[in-house]
Amino acid sequence: MHKTNLGGRALLVALCWTALAAAATEADKPRGLPSGVDHTATSPEWETIRGKLFQNRSIDTTSGKVQLAVPLRAPFGAAVPVKITSGLPQLPELYVKRVYIVVDKNPSAIAAILDLTPEVGQADFETRLRVDEYGHIRVISELSNGELHMASRYVKVSGGCTQPPNRDQLHNIGKTVFRLPEGVRKDAPTPAEVQVVHPNDTGFELNQITVMYIPPHFVRSIKVSYAERKVFDADVDFSMSENPSFRFNFVPHGAGELRAEVEDSKEQHFTGMLAVSLP
Amino acid sequence: MMQGERGEADPANRGRIGNAGFIVGESGVIAIDTGTSYRQGSALLDSIGRVTPKPVRLVLITHTRQEFLFGAMAYRDRGIPIHMHHQAALLMAARCENCLKNLRRTLGEEEMKGTAMFKPDRDFEEGHPLEAIGRPVRVLYHGHSSGPGDIAVFDVQTGVLFAGGLVDNQRIPDVQDSDLEGWRKALAALRRLGAATIVPGHGPAAPASETIGEVERYLAQLEARVQELLEAGVALSAVADRADLPDFEGWDQYDTVHRRNASIVYLRLERRELFKQE
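Those sequence lines, one after another, are chains X and B.
Each residue of the first sequence is one higher than the one before, counting from 10 in the numbering used here.
Each residue of the second sequence is one higher than the one before, counting from 43 in the numbering used here.
These are calculated hints, taken from the structure and not from any lab test.
Only true hints are included.
Only pairs whose alpha carbons sit at most 30 Å apart, straight line, appear in this in silico DSSO-like list of lysine-lysine:
1. K165(X) to K143(B)
2. K318(B) to K232(X)
3. K227(B) to K161(B)
When you get a sec, could you build the whole thing from the sequences and use the hints?
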C-alpha cells in the first residue's frame with residue numbers, strides 16, 4: 010500500500026513536468042482543461058493489468074484505431090461518461106473483437122470487457138464509470154487479427170466529495186430498457202441504448218443513515234442480441250455507475266427484437282426487450 | 043462576514059473559498075462556518091478576536107461542504123462547541139474522510155495540519171432560536187434543500203441572513219447534494235422571511251430578495267435545459283457541452299460546477315423516466 014502511494018506521487022510529479030506540452034497540443038481541448046495532464050502516461054497499476062491481460066503482446070497507442078473521449082474538467086465522479094469510437098468499420102474480414110475498459114486507480118480496475126461480433130456494424134460505445142481518484146481511463150481494442158490498440162485519458166474528478174448512493178426505488182432492480190435515440194436505419198449501424206435499473210453497489214459505500222457499509226451488489230454481465238443474433242456480451246462490475254448503461258450500434262436487416270440478458274452478483278437474472286420495426 | 047476567494051480549492055487560495063461570518067451580541071459571539079482547514083479556522087477566530095474581545099459561545103456549520111466544515115477542530119480546541127444539523131453530520135460521517143484525503147493532496151499536508159474529521163457537540167433536527175449571546179438569532183431548517191442538513195442563520199435585529207449552502211451569489215450553486223423541489227420550497231420560505239441582506243455561502247453579501255431570485259432563476263433554467271437535452275436523446279457525454287446557460291456564463295465555476303450540475307440533473311431526470319416506463 011505504502012509502495013503504491015509513493016508510485017502515485019512520483020507519477021503526479023512526472024505529470025506536472027509534461028503538463029504544458031500536453032495541454033498545448035490538445036486539439037479537442039474543452040474549456041478549462043486542468044494543467045498537470047498527460048493522457049498517455051503509464052501507471053504502476055496499468056503495468057500490472059497489462060501483464061495480466063495481454064502478457065508481452067505489443068499495444069499500439071498511436072494508430073487512432075480506437076479513440077476515447079472523457080470529460081477532462083470536473084466530471085461527476087459517480088457517472089463519468091466514456092465514449093469509445095472505433096477507427097475501422099466492423100467487417101467480417103477485420104473487426105473489433107474485444108474492447109477492454111480499464112480505470113487504473115479503481116479497486117477493481119477492469120471495468121468492462123466487451124465481446125463483439127460484426128453485427129454491431131460500427132464498434133462505438135458509450136458507458137458511464139465510477140471514478141474515485143485522479144488517474145487514467147484506458148480503452149484497449151483487440152482486432153480479429155490479434156492486433157491491440159489503445160487510447161487513454163487522464164481524468165480529474167472534482168468536488169472532492171462523492172454523492173451518497175441512491176437508495177430509493179430498490180423494488181425496480183433489474184428493470185432493463187432499450188432506447189433508440191436516433192430512430193432505425195435499415196442495413197446500417199443504428200444507435201441504441203440499453204440500461205439496467207440497479208444500484209450497482211460497490212461494497213465500499215457507507216449508508217448515510219446507518220453509517221454502515223452497504224454490501225456489494227452489482228451487475229456482472231449484459232448480453233445483447235438482435236433477432237436472435239449476438240450483438241455483444243459485456244462482462245462488467247461495480248466500476249460501472251448506478252443504473253449501468255451502454256450505447257452501442259446494431260444493424261437491423263429486418264424487423265426483430267432487441268434483447269438483453271442481464272445477470273448480477275447475486276445470480277439474479279433479468280431480461281429486457283424491444284420490438285424493432287423498420288421504417 | 044469573512045469572504046472566501048473565487049475558484050476551486052487550490053494551493054494559491056489555500057482552499058479558502060467559502061464565506062464565514064459571525065454575530066456579536068451583548069454577552070458573546072456566534073460564529074458561522076469554519077473554513078477548510080484547521081489553519082483557516084484559527085485565522086477566522088483571530089479575525090473575530092480583532093473585532094471583539096467577547097467570547098465565541100458556539101459555532102454553527104451551515105452545510106456539509108469541505109470549505110465550511112474542516113476548520114471546526116480549531117474551534118473545539120478553544121473550547122467552542124460545534125453545532126450542526128443531524129443530517130449534515132451523517133453526510134459528513136459517510137463521505138468526508140475522502141474529501142479530506144483529496145484536500146490534503148490538493149493543498150498539501152502542511153496547509154492541512156491539524157485538520158481532522160469530527161463529530162458535532164450538538165446536533166439538532168429542527169430550526170430553533172439561539173439565546174446564547176443576548177441577541178435574538180434564529181437557526182432555520184427547511185428540510186432537505188441544497189443539502190440534506192443545510193441550515194441558514196438569521197440575525198433578527200439587522201435582518202442579515204447567513205444563507206450557507208442555500209444561496210450563493212455570482213457563483214454557480216452546486217446541486218450534488220440537493221433535492222431540487224425541497225430547495226425551491228426552502229428558497230420561497232427564506233424569501234418570506236423578508237431579510238434585508240444575504241451573506242451567501244460563496245460570493246459577496248447582497249440584497250436578499252434579488253440574490254434569492256438569481257438562484258431560483260438558475261435552478262429553473264438548468265432543469266429546463268437539461269430536460270430538453272434528455273428528450274432530444276443526447277448522450278451523457280455531450281450534456282455538459284450542450285447545457286450552456288448564457289445568463290450565467292459570468293458566474294464563478296460556470297466551467298466546472300455548472301457542467302457537473304448538468305450531468306447530475308440529467309441522471310436524475312433519466313432515472314425518473316426509467317422508473318416511469320412500463
